[in-house]
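**Student:** Each chain is listed here by its residues.
Number of protein chains: 2
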Amino acid sequence: MKTLLIKGTTLNGKVVDVLIKGNKFEDIAPNINTIADEEIDARGTAIIPPFYNGHCHAAMTLLRGYADDLPLDVWLNEHIWPAEDKMVPRDIYVGTRLAVLEMIKSGTVFFNDMYGMVEESIKACEEMGIRAQIGISLMDRMGEKDINGRFEFLHSYKRSELVTLSVAPHAPYTVSKDLFRRCVKEAEKANVMIHTHLSETKKEIDDCMAEHGVSPVELLDSLGILTEKTALAHVVHTSDSDADILAKRKCAIVTNPASNMKLCSGAFKFDQHVSRGSKVIIGTDGTSSNNNLSMIEEMKFAALLSKVNDKPTTAPAEMVFDMATKRGAEAFGIDAGEIKVGKLADALLLDLSNERLVPNFNLISNIVYSADSRCIDTVICNGQVLMRGGKVKDEDQIIADAIEISKKFI
Amino acid sequence: MKTLLIKGTTLNGKVVDVLIKGNKFEDIAPNINTIADEEIDARGTAIIPPFYNGHCHAAMTLLRGYADDLPLDVWLNEHIWPAEDKMVPRDIYVGTRLAVLEMIKSGTVFFNDMYGMVEESIKACEEMGIRAQIGISLMDRMGEKDINGRFEFLHSYKRSELVTLSVAPHAPYTVSKDLFRRCVKEAEKANVMIHTHLSETKKEIDDCMAEHGVSPVELLDSLGILTEKTALAHVVHTSDSDADILAKRKCAIVTNPASNMKLCSGAFKFDQHVSRGSKVIIGTDGTSSNNNLSMIEEMKFAALLSKVNDKPTTAPAEMVFDMATKRGAEAFGIDAGEIKVGKLADALLLDLSNERLVPNFNLISNIVYSADSRCIDTVICNGQVLMRGGKVKDEDQIIADAIEISKKFI
Chain A
1 MKTLLIKGTT LNGKVVDVLI KGNKFEDIAP NINTIADEEI DARGTAIIPP
51 FYNGHCHAAM TLLRGYADDL PLDVWLNEHI WPAEDKMVPR DIYVGTRLAV
101 LEMIKSGTVF FNDMYGMVEE SIKACEEMGI RAQIGISLMD RMGEKDINGR
151 FEFLHSYKRS ELVTLSVAPH APYTVSKDLF RRCVKEAEKA NVMIHTHLSE
201 TKKEIDDCMA EHGVSPVELL DSLGILTEKT ALAHVVHTSD SDADILAKRK
251 CAIVTNPASN MKLCSGAFKF DQHVSRGSKV IIGTDGTSSN NNLSMIEEMK
301 FAALLSKVND KPTTAPAEMV FDMATKRGAE AFGIDAGEIK VGKLADALLL
351 DLSNERLVPN FNLISNIVYS ADSRCIDTVI CNGQVLMRGG KVKDEDQIIA
401 DAIEISKKFI
Chain B
411 MKTLLIKGTT LNGKVVDVLI KGNKFEDIAP NINTIADEEI DARGTAIIPP
461 FYNGHCHAAM TLLRGYADDL PLDVWLNEHI WPAEDKMVPR DIYVGTRLAV
511 LEMIKSGTVF FNDMYGMVEE SIKACEEMGI RAQIGISLMD RMGEKDINGR
561 FEFLHSYKRS ELVTLSVAPH APYTVSKDLF RRCVKEAEKA NVMIHTHLSE
611 TKKEIDDCMA EHGVSPVELL DSLGILTEKT ALAHVVHTSD SDADILAKRK
661 CAIVTNPASN MKLCSGAFKF DQHVSRGSKV IIGTDGTSSN NNLSMIEEMK
711 FAALLSKVND KPTTAPAEMV FDMATKRGAE AFGIDAGEIK VGKLADALLL
761 DLSNERLVPN FNLISNIVYS ADSRCIDTVI CNGQVLMRGG KVKDEDQIIA
811 DAIEISKKFI
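In order, the protein sequence lines correspond to chains A and B.
When the letters of the first sequence are read in order and numbered with our numbering, they come out as residues 1 to 410.
When the letters of the second sequence are read in order and numbered with our numbering, they come out as residues 411 to 820.
Treat the hints with caution; some may be incorrect.
Under 10 Å between C-beta atoms, here's a sample of chain B residues computed to sit facing chain A [as the list claims (entries may be wrong)]:
1. Gly475
2. Asp478
3. Asp479
4. Trp485
5. Glu621
6. Val624
7. Thr697
8. Ala713
9. Glu728
10. Met729
11. Leu762
12. Arg766
13. Ser780
I should point out that these hints are in silico values taken from the structure, not numbers from a laboratory.
Where a beta carbon is used, it is the ideal one built from N, C-alpha and C, also for glycine.
Chain A with its partners taken away, still in its complex shape (with noise of 0.2 Å):
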């Protein structure tokens, strides 16, 4: 197996070798005297697991700056959905790729996907190097054959050790009871997670409690749907007892901070699902409402907003950057986000002379409320080095793609 030696990088505060031998972290040590098949010399780093975003639809960066400001109907009806009428394949996987060049750069390794034509982004992901969870979409709408489709391609694919897939009904108010429990069954039969929508502005909310008499976490969890292989996004609007039931249900809640802000769906009630141990994590959600994909940034809005809604001591940076690492990790059962021997070898390597990270004080606090993506120099995802120097393979091919195909849009 390939080795991989990090020299006099520093973690936790105290400088250190790190070997990486195939995709696992073999050895962690002061110094480590073997040769290896790479070596990175690491001095002035400081090494930290890297983030794994939660919810997003990376094919939509190709829409990013298309339409923005406007009230969500118009924004939707108008703009973005006619858009996403004219996308054909080939967008997918460029789309995916700017996407996942976006993420490397910003040093996210894994993202929790819904959107289309998924095997042009499992392509990209692969070609990539990246980890991802690719959602199957489900709406009513498509169809039975279009969803029947759908089905008979997640019971064919063969997972690969980057890329899975999930079964991804929309949301409640695009997807009926039925769709919804034959996604509890296919997901089953497919031993894969299940990814949706839920409760992410208060018109959801009034309009199922109208239809169905219940809230939508009381409705999906009436239909089997939330499970511990079970992701929510953004879950704004919950009541006591719907977090009661999340928290019992053992369901990952995905908060999208800066797409609450900008469609103005609400702020994430932090505290009411931490202090009911629910495992709350992070997702930038998709660029047409962020507009980027940042873990980095996406941090410190999780932290902030939940603050100005509460208090100054609410989702401290530690526990910010936990959710958006090791329990990222954690919830779609990738063994990473710790630098940790036998763990998955994915990490960052974090410029420690950039002057975001100076004085260092306190190297969690500087990440979460001060970095930005250049203070990243090294992206490392199952024991690949996918970023150095601030470089990714094919950067300067992805963006000319990116730009080409983005003119149809126009």
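Given the structure of chain A, go ahead and fit chain B onto it with the hints provided.
**Tutor:** Showing chain B alone in chain A's frame:
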């Protein structure tokens, strides 16, 4: 006069050359064929105005990450103030240089400052070539002798091309009516602006009402502080009648959303002031409560915090960008903030191939909602190139000094 020719950049979507002569834009045209003292190949970039930081405490950057996520009184009394008590002039010099480095790297060419030992801050700004308005801080507890000395310095200082002073009474809860009245006179005499904190927290309003029977805005108005030569930081808690006063007096209102969120001060009422035609601009506050000085990030916080408490059309990207650039410059009497012949030559060159700016459907949206400092290639202030290819003069020394000097606070 020295000339600088920027070849092949993009201005508002059109490819142009930009000629700078001395400290002003001399010509902007598709093809300028002149031999300049210095030429920049700017193909693949966009030229935009840089950022003007409406409120900060630059030297405080030395305390980045020193204490976070604590109740306000514990944070100030047990951490920040004791650390500040240890500061000597060299700390202020080193801290300001670190801050200025960070500001240049994130595209800021001016900051409105309030801290102590101003000679050191002035020296740092002059050496590094950045614009600043350095506030002479004043609080009752400084005592008459210190206060007199500060005013003497104010009147003895000869403003330079880059650095002006202001009179900076700290806040209504630390400055007596008499001292505020004296500030009005001394500022008039020196022909400088006044810079103060105002209506930052709910407690400030309640205490002011209890002590003076009026709101902090009303109090300062009764003392003659509020004029078009006044910059007010925070201004979070304002009644409609407070907002009427601020609009009538034409004060610059500086919103600091990240700080207000992190310290749980509250959310700035964006539309309350904009709808009255008030001069709203943007500042980062100090790094102890942010924890960076990035105006790029601050624009996004300003836009998104305003939206989540209102509607998606509040604080649109173009308006927020204007506040951080043109209106920011205007508020401090700097004839810059626009890429226009005759204006002072302050500019940024953005790298249009940076993934955060791709696709480029709307550059301003990309800057406000997606960009980070890595998108900035070149920073020009007053006709001088302060950063090129992401590199700033002496940056290694600035960082080394800051790391070394910060050890005293551990």
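**Student:** State for each hint whether it applies.
**Tutor:** Verification of the supplied hints:
1. Gly475: Interface hint status for Gly475 (chain B): holds (4 Å vs cutoff 10 Å).
2. Asp478: Asp478 (chain B) check passes; min Cβ-Cβ to chain A is 5 Å, inside 10 Å.
3. Asp479: holds, 4 Å
4. Trp485: It holds, given that the least Cβ distance between Trp485 (chain B) and chain A is near 7 Å, below 10 Å.
5. Glu621: violated, 25 Å
6. Val624: violated, 27 Å
7. Thr697: Given a least distance of 7 Å, the restraint on Thr697 (chain B) holds.
8. Ala713: Since chain A brings a Cβ to about 8 Å from Ala713 (chain B), closer than 10 Å, the hint holds.
9. Glu728: holds, 8 Å
10. Met729: holds, 9 Å
11. Leu762: holds, 9 Å
12. Arg766: Holds - the Cβ of Arg766 (chain B) comes within 10 Å of chain A, reaching about 6 Å at its closest.
13. Ser780: Holds: closest Cβ of chain A sits about 4 Å from Ser780 (chain B), inside 10 Å.
When held up to the earlier numbered hints, the structure conflicts with 5, 6 and fits the remainder.
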